[in-house]
Amino acid sequence: MYAFVFKRLLLAVFTVWAVLTLVFVLVRIVPGDPAQVILGDQASREAILALRARLGVDKSIPEQYVVFMGGVARGDWGTSMVTGQPVIGEVLKVLPWTLELTLISVALGTVIGVPLGVWAAIRRNRFFDYVTRIVSLIGLSFPPFVSAIILLLVLAIQFPLFPVISARSGSFTAWFQSIALPALNLGLIMAAYVTRVTRSAMLEVLQEDYVRTARAKGVPWVVVVWRHALRNALIPVITVVGLYFGILIGNSVLTEIVFNRPGLGKLIIGALNQRDYTMLQGMMVIYALVVVLVNLVTDLAYALADPRVKLQ
Amino acid sequence: MLRTSLVVAAATALVALGSGPVHAQKKVLNVGMASADAGKLDPHLTATTPDKGLLHWVFNGLVRFKPGSANPESIEADIAESWTSNPNGTEWTFKVRQGVLCHHNYGEFTAEDAVYSIKRAATKATSSFSNDFAALESVTAPDKYTVKLTLKNPVPGFLGYLANYHGGNMVCMKAAEEMKENFGKKPIGTGPFEFAEYQAQQFVKLKAHKTYFRGAPALDEIVYRYIPSDATRDLAFQSGEIDLIYGKQEQSWAERIKKQPGTVVSVMEPAELSGLYLNTKVKPLDDLRVRQAIAHAIDRKGLVDLKGPSVTRPSVSVVPSGYFGTDEAAPQYGLDIAKAKALLAEAGYPNGVTVKTIHTTLPGMQSTIEAVQAQLKKAGITLDIELVEHATFHAKIRDDLSPIVHYAAARFPVADVYLTQFFHSRSQVKTPTAVTNFTHCNAADGDIDAARVEQDAGKQKALWKSAQQKLVTNVCGIGLFEQLQVWAWRDTLDLGYELKGALNLSMPITEKTRFKN
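Here the protein sequences come in this chain order: A and B. Take numbering that gives the first Met the number 0: the last position of the first sequence gets the number 311, and nothing is skipped along the way. Take numbering that gives the first Met the number 0: the last position of the second sequence gets the number 516, and nothing is skipped along the way.
If you're looking for bench data, these hints aren't it; they were derived computationally from the structure. Fair warning: this is a prediction, and the values are worked out from it, not measured in the lab. It is possible that some hints are incorrect.
Said to hold, decoys possible - With a Cα cut of at most 30 Å, we get these calculated BS3-like pairs of lysine-lysine:
| # | chain 1 | residue 1 | chain 2 | residue 2 |
| --- | --- | --- | --- | --- |
| 1 | B | Lys204 | A | Lys92 |
| 2 | A | Lys58 | B | Lys179 |
| 3 | A | Lys92 | B | Lys184 |
| 4 | A | Lys92 | B | Lys206 |
| 5 | B | Lys147 | B | Lys460 |
| 6 | A | Lys58 | B | Lys395 |
| 7 | B | Lys184 | A | Lys58 |
| 8 | A | Lys92 | B | Lys179 |
| 9 | A | Lys58 | B | Lys123 |
| 10 | A | Lys92 | B | Lys185 |
| 11 | B | Lys429 | A | Lys58 |
What the hints assert, rightly or not - Away from chain A, derived, C-beta distances all over 12 Å, residues of chain B:
| # | residue |
| --- | --- |
| 12 | Glu90 |
| 13 | Gln97 |
| 14 | Lys118 |
| 15 | Leu135 |
| 16 | Leu158 |
| 17 | Thr210 |
| 18 | Lys257 |
| 19 | Met267 |
| 20 | Gly307 |
| 21 | Pro313 |
| 22 | Ala346 |
| 23 | Pro349 |
| 24 | Lys355 |
| 25 | Ser424 |
| 26 | Lys499 |
| 27 | Asn516 |
Beta carbons: idealized from backbone N, C-alpha and C, even for Gly.
Based on the provided sequences and hints, a complete structural model is requested.
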């Protein structure tokens, strides 16, 4: 177990380094001058050159790479080229918003998706199953920015229950109003995935001999489904939830933009538009770390869900 | 019974939780700006629309454009209560008002602060607008309330450079010196509103400057929200969460938002001139006949119809109309497809010609270049468009990689600025003094230089007119259309003046701006 975790962590370090290097190269290959973007199109060439020197982007790429990696090794991610604030501080300032949204969406997607999938499997080829399959297919087909706009039109404009700008705090009501629509938007799409995977897994498990045996022994159907069948059907569901966590962070980019909610997504779009190299690098590391961590947790969760799985 | 009670309880809870959006209070102005976040909030550094749209509510100039006007002739006293200059405009003396206070208890604004501000704006390391002060020889403060400036040579419209716009914004010396590079994180000025709070990716909050020299503002607070999504900004306005919204320069947007009850839509100056800039040194554009053929293939009326006549008007020259010195009837080439084809054949391209342009993916600009592409096609000119995202576009055109550059811009409203930046050889891209001359055209250098030092206003205008005629007839640039600024706000908001234009691209929020009830 410990050896497994250690190996995965080593792999994570390598992954993060590779991601860092890739991002460092990619953001510099893309044409566009951060100094020009920051100062606007009327800035004089002298002002642009002065800012380039101050930002350090007038140095050669290898020089910049050495400076950057040296900083990373010391735990210094540099300062944002636009705001002049430390990157790590800027990222940590908005990271809780994205994590909050992602975690609540995962919870929502799982809480809705698993029971629906189980129920659809039990009711296979009956009305409820058809409805669930059609609705989940619609959910899968919706790009998150489209569903976000629909949610806003219905629940913020037609029935003004929630605000359009989802960035409030101070009281539970304000927080709830702030998180409800973005989480619902991401959670429902995820629920569609989870429903379909759970249904397929459950259908397979329900045809196993041990399920039939349990039924023959007179074990109540509810116990058979929830204790015997579901636990064995959970492995693919855990995989999907783990993988989807990464997808959700990606989807949160558009969701944060549409709901005008702070977060990594909004930060990354701003940094990309403004060619804020240091900020982009910092965020990529955070993304990579989160995805690596979630994958590690997913692997560990297999063993909890199914004792036959050994972590070596 | 139990089920009914649960449903009622759930509905009550939902209604209680969803008590609807928080509507703007009478003393708080919520503004929606099209940007993901604030940039550098230093008035001498930033030239972006979202930043300068906010900063002119925080800063004053020695003089100012009369609120609601972008016309240099409307310039009036601001921090300076009076001023004089010698006949040729090389020596200026300003009398600073007494009792002008800096924000956050940084003390009284005096001539020393004004001298510091002007020197800061004229320094390359601390200003993006140092070129505007290239003629500055000295600036001194003979006493606490007097500022003296000496210029090496006359500068057309120089007074405007000391207005509340770009380098003319006055900063408080003590604060700027204390904060140095961090000044942009907490800008300190003397304007009606002072910086209060910044929340990353959310808003900048300004509070009323209660000791503002023109009197305490009627509004208590401005919340300047960064909302990059057009759809979200519109919905937030519709739901009442914002009161003042930065609009799209599209007639369809203006018409749609106007349909919302209680909405005022303003289409205001300055107009951005959308133009084509042709590199006169590369083939086939080095042949005047090819450039003339392109000019003859452009249908300005068609473009205006496409964009919407309520927010767009045809160009009149290679300088936007209404600027001091614009030739309002420059001899632009008219639509004549047959002539365009004949000119191409004469130039040795009887089967047509292909020209490349590198272009931004910004939707408003992309739709223009695609319309131009369709128009040119009718004359046998194939416009090969390479689409790149906006920052890349700016990098590539400044690297002289695009034979035709489509650019839209508004500048300080004096012809000299536009002519110098877009057509003088000193502004040629890829040179040490580069600005935005993509044309390699120097046809009007002599006139532009002569006009700058000409004392007689009539002769000066004649020189600018001559410059524009040369540029138009040599097809260094082709004016397409002019697009005005579009904003909308609630009709309960009283700006306190008549809005016709605003050089900073957002309307001034003054001490008189208030909600009617």
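Against the structure, the hints:
{"no.": "1", "hint": "B:Lys204 with A:Lys92", "result": "18 Å, holds"}
{"no.": "2", "hint": "A:Lys58 with B:Lys179", "result": "24 Å, holds"}
{"no.": "3", "hint": "A:Lys92 with B:Lys184", "result": "16 Å, holds"}
{"no.": "4", "hint": "A:Lys92 with B:Lys206", "result": "24 Å, holds"}
{"no.": "5", "hint": "B:Lys147 with B:Lys460", "result": "28 Å, holds"}
{"no.": "6", "hint": "A:Lys58 with B:Lys395", "result": "20 Å, holds"}
{"no.": "7", "hint": "B:Lys184 with A:Lys58", "result": "26 Å, holds"}
{"no.": "8", "hint": "A:Lys92 with B:Lys179", "result": "24 Å, holds"}
{"no.": "9", "hint": "A:Lys58 with B:Lys123", "result": "20 Å, holds"}
{"no.": "10", "hint": "A:Lys92 with B:Lys185", "result": "18 Å, holds"}
{"no.": "11", "hint": "B:Lys429 with A:Lys58", "result": "19 Å, holds"}
{"no.": "12", "hint": "Glu90", "result": "25 Å, holds"}
{"no.": "13", "hint": "Gln97", "result": "34 Å, holds"}
{"no.": "14", "hint": "Lys118", "result": "15 Å, holds"}
{"no.": "15", "hint": "Leu135", "result": "14 Å, holds"}
{"no.": "16", "hint": "Leu158", "result": "19 Å, holds"}
{"no.": "17", "hint": "Thr210", "result": "30 Å, holds"}
{"no.": "18", "hint": "Lys257", "result": "17 Å, holds"}
{"no.": "19", "hint": "Met267", "result": "20 Å, holds"}
{"no.": "20", "hint": "Gly307", "result": "24 Å, holds"}
{"no.": "21", "hint": "Pro313", "result": "23 Å, holds"}
{"no.": "22", "hint": "Ala346", "result": "32 Å, holds"}
{"no.": "23", "hint": "Pro349", "result": "37 Å, holds"}
{"no.": "24", "hint": "Lys355", "result": "16 Å, holds"}
{"no.": "25", "hint": "Ser424", "result": "14 Å, holds"}
{"no.": "26", "hint": "Lys499", "result": "23 Å, holds"}
{"no.": "27", "hint": "Asn516", "result": "21 Å, holds"}
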